Amino acid sequence: MSCKSSLQKEIGDLMPFEKAINKYIKKYRSHQLKLIYFDEENKFKIKPVKKNPKAIREFINQLEKKWGEIATVLIIGGDKVVPFYRLPNPCDDDDDKVLSDNPYASRDDDFLIPERMCARIPDNRRVEFIIKQLNKSLTKYNKSFGMSALVWKEASKNVYQQLGRKKDLKISPPTTSANFKSQWLKEKNYLYFNLHGSAVSENWYGQEGGNYPIALKPANILQANGFVASEACYGAYIINKSEKNAISLKFLDQENIVGFCGSTTIAYGPPKPPSSEADLLVKYLFEYLKQGLLMGEAFKNAKVDFARKKIRRHGFLDDDDQKTLLQFVLYGNPLLKFGYNWTLSKGV
Amino acid sequence: MLEAKILTHIKKMISEQFPEFKGIEPKVVKKTVTPQKSVYKKLSLGVPDKVKTVFSLRFVKKVKTVDSIAMKQILIVTTNKSGQIIKISQSK
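If you read the protein sequences in the order shown, they are chains C and R.
Residue numbers for the first sequence follow numbering that gives the first Met the number 0, beginning at 0 and rising by one.
Residue numbers for the second sequence follow numbering that gives the first Met the number 0, beginning at 0 and rising by one.
Hints listed in this document are in silico derivations from the structure and should not be mistaken for laboratory results.
Treat each hint with caution, since some may be false.
In silico contact screen, one side only, chain R against chain C (beta carbon under 8 Å); selected entries [claimed, not checked]:
id, residue
1, 24
2, 32
3, 34
4, 37
5, 41
6, 42
7, 45
8, 46
9, 51
10, 61
11, 68
12, 70
13, 77
14, 85
15, 86
16, 91
Computed from a prediction, not measured in an experiment: that's the story for all the values here.
By construction, the Cβ of each residue, glycine as well, lies at the ideal position given by its N, Cα and C atoms.
Please construct the entire structure, taking both the sequences and the accompanying hints into account.
Next up, the structure:
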């Protein structure tokens with residue numbers, strides 16, 4: 000799903016994109032995909048809508064009424080093409096609104112729990128960038144990589160232990176961007192980061208007491224493989240950014256990075272186990288990816304399980320639980336998976 | 000509101016376990032949590048009829064990274080009415 004006029008403004012001629020998306024639709028034919036521009040006449044005779052999140056969401060719901068249940072929504076383009084929803088921030092912090100794709104995944108007005116698989120392929124103002132994401136395929140390796148701020152070492156080990164040996168988790172400090180070896184990211188299945196982030200910085204940071212060294216910067220990413228999950232504040236914030244100043248886009252610009260999950264705003268997590276907030280969501284996501292679910296399905300299921308767990312543990316979803324559910328987004332092809340089986344479903 | 004002695008106890012615990020927040024006065028907010036019916040329904044869970052009261056203690060500190068990026072570090076302690084800590088979370 001995209002906005003034709005806005006996508007054209009961002010990437011120019013749409014022919015190469017449409018050729019690539021048609022190839023993608025054929026490749027995943029069992030999912031019965033269709034390319035829908037919400038600002039253009041369509042065969043379902045649904046009135047085109049303007050680039051307004053509420054109108055776009057209503058368009059999807061109308062489409063579902065005419066076409067049948069939609070299992071997958073793949074958004075093509077960044078915020079200038081298909082805007083993120085701006086939802087009220089449940090937490091008392093500096094974020095005015097929470098940027099979210101959850102409403103596009105929800106059939107009703109409760110946006111916390113997604114019902115559809117939903118992912119986004121940002122345009123990064125280059126058609127080649129979009130085509131690259133559509134054409135990516137998975138190569139499986141036996142290893143993973145993880146990196147944590149020192150202050151969250153124990154909490155991070157609790158997440159990372161399902162991916163690799165706890166002792167292999169890189170800790171910042173002492174690990175920093177200055178001694179980071181780019182080959183650590185090569186030939187891996189899963190890349191896990193529990194670091195600090197900022198909306199105005201291109202870097203992610205470690206922490207030891209009051210010391211916040213640069214743990215990772217875009218230049219450290221040269222040859223990465225696999226699926227990335229980051230808990231950093233603003234780890235998935237891409238508005239007015241490119242691969243030069245957003246680690247998320249730098250990762251996605253790699254030939255062999257298949258997906259990126261991160262937060263659009265200030266994220267939260269526990270200082271120590273048990274896992275909660277971002278740690279718990281990412282933990283569930285990795286579990287489902289390891290089971291071989293589609294990336295989009297793993298992401299959706301992780302949110303559902305997160306909500307169940309938090310309600311069972313505390314009896315309710317508190318402010319930061321709600322924010323966690325809304326702020327985490329998935330970038331990349333939601334139909335890729337680390338397993339082998341096909342499913343039958345519909346998608347736009 | 001939270002009893003003063005409970006608040007003092009939590010502040011002492013935070014300054015011991017999180018020295019970077021030592022001396023920071025938390026913002027204390029009482030919250031009444033009503034069951035989120037639509038969420039329970041979507042998750043196929045039975046809706047409890049209980050209303051819960053919790054307290055959120057929010058410690059905020061301004062910090063700077065090594066490359067001079069200003070960030071606010073937030074530490075949130077959630078307790079029940081008797082001051083028992085339900086959870087602690089930190090901004091990333």
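Hints, verified against the model:
1. The criterion of a C-beta within 8 Å of any C-beta in chain C is not met by residue 24 of chain R, whose closest approach is roughly 15 Å, and the hint is violated.
2. A least Cβ separation of about 5 Å between residue 32 of chain R and chain C falls short of the 8 Å threshold, and the interface hint therefore holds.
3. Because the smallest distance between the Cβ of residue 34 of chain R and any Cβ of chain C comes to about 7 Å, under 8 Å, the interface hint for this residue holds.
4. Interface hint status for residue 37 of chain R: upheld, as the beta-carbon distance to the closest one in chain C is roughly 4 Å, under 8 Å.
5. Interface hint at residue 41 of chain R: satisfied, since its Cβ lies 4 Å from the closest Cβ of chain C, which is below the 8 Å cut-off.
6. Look at residue 42 of chain R: its Cβ gets to within about 6 Å of chain C, closer than 8 Å, so that hint holds up.
7. Restraint check, residue 45 of chain R versus chain C: the minimum CB separation of about 11 Å is more than 8 Å; hint violated.
8. Hint status for residue 46 of chain R relative to chain C: violated, with the closest Cβ pair at about 10 Å, above 8 Å.
9. The restraint placing residue 51 of chain R at the interface with chain C holds, with a minimum CB-CB distance near 6 Å, inside the 8 Å limit.
10. A hinted interface residue such as residue 61 of chain R counts as satisfied when its beta carbon comes closer than 8 Å to some beta carbon of chain C; here the least separation is about 11 Å, so the hint is violated.
11. Contact between residue 68 of chain R and chain C, as hinted, is supported at the beta carbon level, the nearest pair being about 4 Å apart and thus within 8 Å.
12. About 6 Å separates the beta-carbon of residue 70 of chain R from the nearest beta-carbon of chain C, less than 8 Å, and the hint is met.
13. Against a cut-off of 8 Å between C-beta atoms, the interface hint on residue 77 of chain R holds, since the closest Cβ of chain C lies about 6 Å away.
14. With its C-beta approaching chain C no nearer than about 6 Å, residue 85 of chain R sits inside the 8 Å limit, and its interface hint holds.
15. Because the smallest distance between the Cβ of residue 86 of chain R and any Cβ of chain C comes to about 6 Å, under 8 Å, the interface hint for this residue holds.
16. Taking 8 Å as the C-beta contact cut-off toward chain C, the hint placing residue 91 of chain R at the interface holds, the least distance being around 4 Å.
Violation of the numbered hints given earlier is confined to hints 1, 7, 8 and 10; the remaining hints are satisfied by the structure.
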